[in-house]
Amino acid sequence: MPGRAATVLFDFDGTLVRGDCAAAWLRDLLASHPLRRLLAGASFPVLKPAFGWWRVAWMPASFYTWLATVGRTDEALAEAREDFLRLCAARRDQLLIAPAVARLHAHLALGDPVVIVTGAEAGLARSLWRALGQPDVPVVGSSVRPALGGYIGAEHTVGPRKLQALERLGIHPPFAAVYSDSAIDLPLLCETARPVLVQPDPRNLALVEKRLRGAYETLL
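All letters in the sequence shown, in the order written, are residues 875 to 1094 by the working numbering.
If you are wondering where the hints come from, they were derived from the structure by calculation, not from laboratory data. Cβ coordinates follow ideal geometry from the N, Cα and C atoms, glycine included. Some hints here could point you the wrong way.
What the hints assert, rightly or not - So the derived label-pair ranges between C-beta atoms look like this:
no.: 1; residue 1: E956; residue 2: G1023; range: 17 to 25 Å
no.: 2; residue 1: M933; residue 2: E1065; range: 21 to 29 Å
no.: 3; residue 1: L982; residue 2: G1023; range: 40 to 48 Å
no.: 4; residue 1: P1020; residue 2: V930; range: 39 to 47 Å
no.: 5; residue 1: F918; residue 2: L1043; range: 31 to 39 Å
no.: 6; residue 1: L909; residue 2: L1079; range: 35 to 43 Å
no.: 7; residue 1: V944; residue 2: L1086; range: 37 to 45 Å
no.: 8; residue 1: P1020; residue 2: A1089; range: 42 to 50 Å
no.: 9; residue 1: P1009; residue 2: R965; range: 17 to 25 Å
no.: 10; residue 1: D1075; residue 2: P1047; range: 19 to 27 Å
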């Protein structure tokens, strides 16, 4: 019996769509209430450095998720999310990173198994991808859980945690190709013969170059 075809992986934020969808969603929620906005602004200088290290980035992400959601009903959050998705859909051409999206479509046309694996909350990323009119593909991402009257992070799928989340679903390296804009995905980029950097900034390009020594494609 032939083995399962190797999977093509795509990061989401900065690779298929511009910006950080979870951060944009939380900013909208925080900005809608003066006290939430005040607490977010006051805490950000203290918590910002933690976002730079994948092992602890879940802590500030979890705090802002809680701050944005505490005291809001699930119905209110669902309505706010739909408003957010509608605004994103209206900016479809601005948000989609066309070269990477074209590659994803090309892989699907060839029959390659494609999975989006992201640090964003999986449901939000899946809904945004759909709102932007894109094909249905599996999305593996972070999760949240109820706590203290709001929501906090349950799992933050960044760095090596992406590999762990994929393995739980039976998706194992080596991968057919990996597309990402960030060196935080080096654990994935090192598990394929076809690593592809999508519009990387100079810092991430330098970090990937240091590890892969030119053995990667750059998609601009």
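Broken hints, by number: The structure conflicts with hint 4 only, although it agrees with all the remaining ones.
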